[in-house]
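Engineer: Sequence:
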Amino acid sequence: AGEWGRAATNDLVRSKIKIKSLNFMRGRTFLNKFVIIDEAQNLTPKQMKTLITRAGPGTKIVCLGNLAQIDTPYLTEGSSGLTYAVDRFKGWPHSGHIMLARGERSRLADFASEVL
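Numbering (the working numbering), first residue to last: 1 to 116.
Hints are computed from structural coordinates only; laboratory data are not their basis.
All clues stand as given, with none of them false.
The calculated DSS-like cross-link candidates involving lysine-lysine, where the alpha carbons are at most 27 angstroms apart (straight line), are: (1) K90 <-> K33; (2) K60 <-> K18; (3) K20 <-> K46; (4) K90 <-> K60; (5) K33 <-> K49; (6) K46 <-> K33; (7) K33 <-> K60; (8) K60 <-> K49; (9) K33 <-> K20; (10) K46 <-> K90; (11) K33 <-> K18; (12) K90 <-> K49; (13) K46 <-> K60.
Cβ pair distances, simulated, as ranges: (14) R26 <-> R88: 18 to 26 angstroms; (15) G96 <-> T50: 16 to 24 angstroms; (16) R28 <-> F111: 38 to 46 angstroms; (17) K90 <-> E39: 16 to 24 angstroms; (18) K60 <-> G91: 15 to 23 angstroms; (19) N32 <-> S106: 33 to 41 angstroms.
Backbone N, C-alpha and C fix where the C-beta goes; we use that ideal spot for every residue, glycine too.
Please take these sequences and the hints and turn them into a complete structure.
Structural biologist: This is the structure in structure tokens:
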């Protein structure tokens, strides 16, 4: 895991990093937090709204996802909550959108993504 992996594991153990289920987000407000929404391509627009609207003052939200990896049967690239959020926040000066030019896992993962 390397030095970064050990540091992240230690932070997780010391409760500096918290992992929360989508099921427990309603009614919460995140104050001065850095929130990472991983696998956001598998969220519906309503689920994405539920999460992003939890942000209180000082909170930053980062959504991670790959539309090519949607594995929720009722979602498509066009109906994904990730696409919805990117489209709705486009042009708002306090948001940004980054698309990686290539995969970061391996050549094998890149090839599998193309052919499977």
